[in-house]
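This note's numbering puts the first residue of the sequence shown at 167, with every later residue one more than the last.
Each hint should be verified, as a subset may be incorrect.
Stated by the list, open to error - Restraint-style ranges between C-beta atoms, simulated for each label pair:
{"no.": "1", "residue 1": "239", "residue 2": "265", "range": "17 to 23 Å"}
{"no.": "2", "residue 1": "284", "residue 2": "307", "range": "28 to 34 Å"}
{"no.": "3", "residue 1": "304", "residue 2": "217", "range": "34 to 40 Å"}
In short, the hints are calculated from the structure, not lab data.
By construction, the Cβ of each residue, glycine as well, lies at the ideal position given by its N, Cα and C atoms.
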Amino acid sequence: MARRALCVACWGMDVTTTTPTPQEALSAFLTHWQGGQYHAMALALPARLFPTRRRSVRQVRRAYPGTLSGFSILSARDTDPAATNVDVQVLWRQRGGLELGRVRYRMVYVDDRDQPIARHHPGGQWKPFATYTLPVPRPLRA
């Protein structure tokens with residue numbers, strides 16, 4: 167008679183893994199930029215964004231110059247079954263000064279070959295496919 171082993175620590179708990187939301191995936195990506203972890207950033211980007219299809223730290227440093235000082239996610243809007251637009255306010259140090267900007271990241275849910283799949287499929291991950299500069303609102307006068 168065969169016996170099945172049970173995980174005592176997990177017994178009675180749901181052990182399924184959950185996929186991070188687009189906001190969580192983007193937050194992790196921007197945290198890598200804050201820490202100067204360009205290799206991790208390159209791995210988080212889809213290979214098709216690189217001209218040679220090889221992820222290069224040098225190319226990531228060119229695309230994300232300076233040092234990210236801080237960021238805050240402002241809003242997120244699902245646009246189709248595999249994509250979400252996430253608006254972020256970023257503060258980064260470049261050429262000796264601080265820059266404030268707003269950026270829209272188009273996050274796409276992809277499989278292991280970086281092909282878009284619907285967000286309800288297991289095994290995918292969110293990756294930033296495109297960025298768009300947004301206008302920074304003028305300060306209010308009192």
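**Range hint 34 to 40 Å (beta carbons of residue 304 and residue 217) holds or violated** = Given range 34 to 40 Å: holds, Cβ gap about 37 Å.
**Request:** Return holds or violated for the Cβ distance of residue 239 and residue 265 against the range 17 to 23 Å.
**Result:** 18 Å Cβ-Cβ, so the 17 to 23 Å window holds.
**Item:** C-beta pair residue 284, residue 307: status relative to the range 28 to 34 Å that was hinted
**Value:** Between residue 284 and residue 307, where Cβ atoms are some 46 Å apart, the hint is violated.
Violated hint for the displayed structure: number 2, the only one.
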